[in-house]
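Engineer: In case you want the letters, here they are:
Number of protein chains: 2
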Amino acid sequence: MSNNTNDTIYIGKKPLMTYVTSTIVQLATKPDVTIKARGLTTSIAIDVAQVVIKKTKPAFEISNVSIGSESLVSSDGKNRDVSTIEISIKRTTA
Amino acid sequence: MSNNTNDTIYIGKKPLMTYVTSTIVQLATKPDVTIKARGLTTSIAIDVAQVVIKKTKPAFEISNVSIGSESLVSSDGKNRDVSTIEISIKRTTA
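Top to bottom, those sequences are chains A and B. Residues 2 to 95, numbered by our numbering, are exactly what the first sequence covers, in order. Residues 2 to 95, numbered by our numbering, are exactly what the second sequence covers, in order.
One thing to keep in mind: the hints can contain errors.
Said to hold, decoys possible - Listed below are the simulated DSSO-like cross-link pairs for lysine-lysine, each with C-alpha atoms no more than 27 angstroms apart in a straight line:
#1 A:Lys58 x B:Lys79
#2 A:Lys37 x B:Lys56
#3 A:Lys37 x B:Lys58
Unchecked claim - Output of the computed footprint for chain B on chain A, the stretches with three or more beta carbons under 8 angstroms from beta carbons of chain B:
#4 36 to 43
#5 56 to 62
#6 68 to 79
Bear in mind the hints are in silico, worked out from the structure with no lab data behind them. Ideal placement from N, C-alpha and C gives every residue a C-beta, glycine not left out.
Use the sequences and the hints to build the structure in full.
Structural biologist: Shown next, in the form of structure tokens:
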């Protein structure tokens, strides 16, 4: 695993533009940044990636998108599978 | 464009398992099936793909995931960008 933990943006419950700004700030100094989300916030992760690409056009592009699932223990003690998404954004190589 | 329109599953407001069943039925006769969704249903598309893979394991795998955005005219006449996702599932080549 990489020790550059700062090159990952986890999507939570803050406003969309918070994550857009964080991503663009990270991209200023890192070669690539990964946006991660799970459950219902996966759709917000896609929005964040799209806004970042649009606002910085044509400097960055989406290099990879992968989906998966994670097993969590919910508050009632049952295992629940939640879907995850990882979107990698990198500098455009023109 | 392909004329095999049936190899695409569009995610809407039906229960999750409706789309899971449709996808598995399509995969029985097609080499690959694409699950498409936009806006808030993108997270459901990921869930559908994960459930299909899990239920049919190890027969199928996710071959490609791509995200994008589409411009729609909303009811107030303004243009709105919505995020889209396309998840392709294909038979595992063992």
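Engineer: Each hint needs a verdict: does it hold in this structure or not?
Structural biologist: Checked hints:
1. A hinted pair counts as satisfied when its Cα atoms are at most 27 angstroms apart, and Lys58 of chain A with Lys79 of chain B qualifies at roughly 22 angstroms.
2. For a cut-off of 27 angstroms, the pair hint linking Lys37 of chain A to Lys56 of chain B stands: about 25 angstroms separates their Cα positions.
3. Distance hint between Lys37 of chain A and Lys58 of chain B is fulfilled; the C-alpha atoms sit about 25 angstroms from each other, no more than 27 angstroms.
4. Here's how the segment 36 to 43 of chain A fares: 4 of its residues keep a CB closer than 8 angstroms to some CB of chain B, so the rule of at least three is met and the hint holds.
5. Coverage of the segment 56 to 62 of chain A by chain B is violated in this model, with 0 residues showing a Cβ closer than 8 angstroms to a Cβ of that chain against a need of three.
6. Residues of the segment 68 to 79 of chain A lying with their CB closer than 8 angstroms to a CB of chain B number 3, which satisfies the three-residue condition for coverage.
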